[in-house]
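Protein chains: 2
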Amino acid sequence: MAAPVVSLTSTISFHGLKLLCHKKYQVLYRFQKEIVSVNQHSQASSSFRLLSKNPLVSHPDSDIVRFSAALSVEQVKKYLNPSFMSLVVVGSMAFDAIETPFGKSDKIIGGAATYIAYSASNFTKPIKQISVVGGDFPQSELDALTARGVQLEGVQIKKDEKSFFWSGRYHMDMNTRDTLETQLNVLENFSPVVPESYQDCEFLMLGNLVPAVQRSVIQQMKKRPKLIVMDTMNFWMEIALADLKDVLTMVDVLMVNDSEARELSHEYSLVKAANKILTMGPKYLIIKKGEHGALLFHDNHVFFAPALPLEDVFDPTGAGDTFAGGFIGHLAKTKDISFDNMKTAIIMGSAMASFCVEKFGTQRLIEITRKEIDERLGEFVELVNFDIDLV
Amino acid sequence: MAAPVVSLTSTISFHGLKLLCHKKYQVLYRFQKEIVSVNQHSQASSSFRLLSKNPLVSHPDSDIVRFSAALSVEQVKKYLNPSFMSLVVVGSMAFDAIETPFGKSDKIIGGAATYIAYSASNFTKPIKQISVVGGDFPQSELDALTARGVQLEGVQIKKDEKSFFWSGRYHMDMNTRDTLETQLNVLENFSPVVPESYQDCEFLMLGNLVPAVQRSVIQQMKKRPKLIVMDTMNFWMEIALADLKDVLTMVDVLMVNDSEARELSHEYSLVKAANKILTMGPKYLIIKKGEHGALLFHDNHVFFAPALPLEDVFDPTGAGDTFAGGFIGHLAKTKDISFDNMKTAIIMGSAMASFCVEKFGTQRLIEITRKEIDERLGEFVELVNFDIDLV
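So the sequence lines, in the order shown, correspond to chains A and B.
Heads up, the first sequence is in the numbering used here, so the first residue is 2 and it goes up one at a time.
Heads up, the second sequence is in the numbering used here, so the first residue is 2 and it goes up one at a time.
Isolated chain A (complex conformation) (with noise of 0.2 Å):
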């Protein structure tokens, strides 16, 4: 086929999408590290930025973008159509009721997919769900997901049964809670079916869960996602470790918190901790650290994110999934899995979770703008920039 030539500020049809290019520095930056990204624009479903150098494009002499002549329509149509960006997110989707220093719930929506789709959305679509709930599962709520982008097929509602419950109570560090109430309802004998459409997900998300079902999820994929990341707590190293071991030798990513990477490793030390963890499974490994920030460690490198100073930590609940979905969203959209660009979405994934923390519930994910989240990743770069000479 003949190479489109496309100005970077024009607006073209191809093959049904339609393709709007930028001009910014933004575009150049990304041409010179030759990161291939085709990113779903925010205006309407099927127009797209486009932030690619190789396959699609050529070079940006002066201003204008040339597709490679060698490009096949199957090469665009793999980089334009969004099912082949498709994320799968496992958890579970719950109710919750809160106790913290400054307030009490009521019976509010939760659980880990709840608020791993809630941040991701705001970097892919679509994102495909896999979780079960009971017939006391608001539909006003799936009705919310799905206008984000969550599609539900594979999300089960066993409407004689109620949905999974969980209630706590946090203490003036925010680090620490007590569980007061657990009802496993639906999720006792939850058992994940993955749609036919789900098959094409290039990036997995294994949100804390039954280490079993997690399990079951990958292999009912007939073909391994480019990236499988997983979530646990340290409730299953208690009473599912050899399982949870299994599930580790599977994925690429794993992200725990401070002391559960202790306790899996018998390592006080985050480091010898992360270095024995790398030699179970995973390749790479968060440690999260709650307010103290998060570390992704890999072979020998390590990088840190901070937290964003908080004047107020309202409810914690849900941040670690929150960062979960910004960071696997943040993944999913660049499609680019490289270490580099984990640190990114790592900053990306923090800054989610700093809003999590701001109001009960999901409520402050939901009202989000892409506007405040350009602001506080802005404050990131604040945050941790600094100038250096040698001594």
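Incorrect hints may have been included.
Note: identical chains are not told apart, hence a pair may lie in one copy or across any two.
[Unchecked claim] Capping the alpha-carbon separation at 25 Å, the derived lysine-lysine pairs in BS3-like fashion look like this:
hint: 1; residue 1: LYS372; residue 2: LYS277
hint: 2; residue 1: LYS360; residue 2: LYS227
hint: 3; residue 1: LYS284; residue 2: LYS246
hint: 4; residue 1: LYS360; residue 2: LYS108
hint: 5; residue 1: LYS277; residue 2: LYS105
hint: 6; residue 1: LYS224; residue 2: LYS105
It should be emphasised that the hints constitute simulated quantities derived from the structure, not laboratory data.
In this text the structure is predicted, and so the values were computed from the model without any measurement.
Could you slot chain B onto chain A? The hints should help.
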């Protein structure tokens, strides 16, 4: 006087002082920021690196830097005379006995001013020490400090008394410790005397000590130093709060740890604590969080510096003082007290502290080389460096 012309790579003699000028990106960068800075060079005590634009140097056109014609001998002397860069350090010089989960030390040399001086001597000389020791303090330790450029005219030696002694035990997390024994000894009635030769100091570092002693040093300075930095601890908040609050009104930068910031402000949120403390006198506040890094607050700005993730923290004694020494040492070296340069200074402090904890007491600080410091600064850059585009 006529303006001397200096090639950027040449060495010239000027009023008995040798100037060595390097052409480096570093230099050009500094020029853009118009930072006036004359740094003592490493090799010879009488050679200097010239990083200044105004008033010393006019413009870096090609390979030539020209001194401003308007420059007087006195002005040049002011910038080139080491005494104008002098740093005064106040604090204890003492014996410590330390127990950690990894080992136990004999009675070893410690004290805030000792750690600060060792750390700062990597950045600037001379360091003018104010302290008090007993007849039991080894002459060899005093000689070792002198060899590092630490002047001891302000150190009182009370031959018939004993030096301050502290003994403590750290817990596994290394953030908490129990004091096993404290013998104030010479510190009990310490009345500091600022020698005449210290009066030209531009930077004053008040190490953790009785607030009244810190105040006495400030009051003895005939001309207020360009920058006064104060360290303190919860102990003084409990037994000498009025004095401490009085000293706060006299200083520019306060350093405390997170629990001390909370105690001083009666606020749990560190952001709220910072806002309150910044109304008590200091224009800058550094909150040290140990292994979780440090925060710098000023007006509505906040900067975060991580701690380097270490395999082993062997002994955290003196880490805070070492941090302070790197911080004030960098500022005294660069003579730039802007918020931006304080960010860099905090990274320098963090790098120095990361060495301190690797061995018992001051041992690691004494061995440290310039190359090791530069390598560690590189690790800090790697640790927090990320690329970000807006969403």
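To see whether the hints hold, each was checked on the structure:
For the identical chains of this complex, LYS372 and LYS277 are neighbours neither inside a copy (40 Å) nor across copies (30 Å), given an alpha-carbon limit of 25 Å. Taking identical chains as interchangeable, the C-alpha atoms of LYS360 and LYS227 are never at most 25 Å apart, the minima being 34 Å within one chain and 44 Å between chains. In the homo-oligomer, the alpha carbons of LYS284 and LYS246 lie at most 25 Å apart inside one protomer (14 Å), although the nearest pairing across protomers, at 51 Å, exceeds that limit. When the C-alpha separation of LYS360 and LYS108 is checked against a cutoff of 25 Å, the pair qualifies only within one copy, where the shortest distance is 14 Å, while the shortest distance between copies is 52 Å.
For the homomeric pair LYS277 and LYS105, neither the shortest alpha-carbon distance inside one copy (40 Å) nor that between copies (27 Å) is at most 25 Å. With identical chains, the CA atoms of LYS224 and LYS105 are never at most 25 Å apart, being 45 Å at best within one copy and 56 Å at best between copies.
Of the numbered hints listed earlier, those contradicted by the structure are 1, 2, 5, 6.
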